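Chemist: Sequence:
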Amino acid sequence: MTRSVFRFLSRQPDTPELYGDHHMLRLPRYTDYRQWQQLRSESRQFLQPWEPTWRHDDLTESSFRARVIRNTQEFSSGLAVPLLLFRRKDQCLLGGITIGYIRRGAAQSCMIGYWMGEKHAGNGHMFAALRLVVPYVFSGLQLHRIEAACIPDNWKSIRLLEKVGFKREGLLREYLKINGEWRDHLMYSLLAGDQFDAKANGA
Numbered sequence: 001m002t003r004s005v006f007r008f009l010s011r012q013p014d015t016p017e018l019y020g021d022h023h024m025l026r027l028p029r030y031t032d033y034r035q036w037q038q039l040r041s042e043s044r045q046f047l048q049p050w051e052p053t054w055r056h057d058d059l060t061e062s063s064f065r066a067r068v069i070r071n072t073q074e075f076s077s078g079l080a081v082p083l084l085l086f087r088r089k090d091q092c093l094l095g096g097i098t099i100g101y102i103r104r105g106a107a108q109s110c111m112i113g114y115w116m117g118e119k120h121a122g123n124g125h126m127f128a129a130l131r132l133v134v135p136y137v138f139s140g141l142q143l144h145r146i147e148a149a150c151i152p153d154n155w156k157s158i159r160l161l162e163k164v165g166f167k168r169e170g171l172l173r174e175y176l177k178i179n180g181e182w183r184d185h186l187m188y189s190l191l192a193g194d195q196f197d198a199k200a201n202g203a
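Counting from 1, one number per residue, gives the positions in the sequence shown under UniProt numbering.
Incorrect hints may appear among the rest.
What the hints assert, rightly or not - Between beta-carbon pairs, the in silico distance windows are:
1. Ala192 to Arg34: 35 to 41 Å
2. Trp155 to Ser41: 24 to 30 Å
3. Arg44 to Gln108: 23 to 29 Å
4. Asp90 to Arg173: 40 to 46 Å
5. Thr53 to Arg168: 24 to 30 Å
6. Tyr30 to Gly100: 32 to 38 Å
7. Arg29 to Trp155: 18 to 24 Å
8. Asp58 to Gln91: 34 to 40 Å
9. Ala106 to Ser41: 26 to 32 Å
10. Gly180 to Glu42: 17 to 23 Å
Hints were generated in silico from the structure; no laboratory data involved.
In this text, all values refer to a predicted model and were calculated from it rather than measured experimentally.
For each residue, glycine too, the CB sits at the ideal point set by N, CA and C.
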């Protein structure tokens with residue numbers, strides 16, 4: 001039976017490490033730079049059509065260190081949980097998923113976004129990651145609603161969200177500026193009360 005366990009670092013008890021049988025997610029560290037830079041660099045053409053325009057210094061070590069600092073601050077302030085996805089057996093970096101725009105009060109919701117290295121795409125890794133992240137959002141963060149937006153012709157992302165159990169809610173016109181252009185997005189959501197099998201896990 002598949003296990004998903006929420007472990008916490010002894011030196012920082014509120015820092016999440018999410019484990020499945022084959023995958024692990026955690027906050028980025030400075031030591032992740034070389035893996036991150038290599039994977040993002042070799043996946044650039046694969047990723048750019050679905051992401052905001054990359055800055056000229058996006059893949060530099062100084063930019064990554066600033067990213068790690070910003071991610072830590074966002075997590076500490078309760079605004080976001082930016083996670084990197086690794087294969088457990090060899091700690092190979094596969095991609096990333098961010099629980100962002102966390103809203104408390106009456107909303108109790110968040111927005112998720114994710115990316116996968118080109119050579120790892122299509123192997124069920126992000127499906128497995130979402131199977132770990134969703135229970136963490138609902139049980140760990142105690143939120144009520146997860147939102148995800150994707151470009152209408154990104155059929156791989158649409159298929160992934162629907163496989164996990166997200167429901168399509170509507171079209172957001174020119175919602176985000178992606179690769180230099182304002183693009184429409186489909187809004188999907190998953191509620192804490194929706195049917196979701198947390199025991200499932202990808203290979």
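Chemist: Evaluate each hint against the coordinates.
Modeler: The hints, checked one at a time:
{"no.": "1", "hint": "Ala192 to Arg34: 35 to 41 Å", "result": "holds (38 Å)"}
{"no.": "2", "hint": "Trp155 to Ser41: 24 to 30 Å", "result": "holds (26 Å)"}
{"no.": "3", "hint": "Arg44 to Gln108: 23 to 29 Å", "result": "violated (36 Å)"}
{"no.": "4", "hint": "Asp90 to Arg173: 40 to 46 Å", "result": "holds (43 Å)"}
{"no.": "5", "hint": "Thr53 to Arg168: 24 to 30 Å", "result": "holds (27 Å)"}
{"no.": "6", "hint": "Tyr30 to Gly100: 32 to 38 Å", "result": "violated (21 Å)"}
{"no.": "7", "hint": "Arg29 to Trp155: 18 to 24 Å", "result": "violated (34 Å)"}
{"no.": "8", "hint": "Asp58 to Gln91: 34 to 40 Å", "result": "violated (23 Å)"}
{"no.": "9", "hint": "Ala106 to Ser41: 26 to 32 Å", "result": "violated (42 Å)"}
{"no.": "10", "hint": "Gly180 to Glu42: 17 to 23 Å", "result": "holds (22 Å)"}
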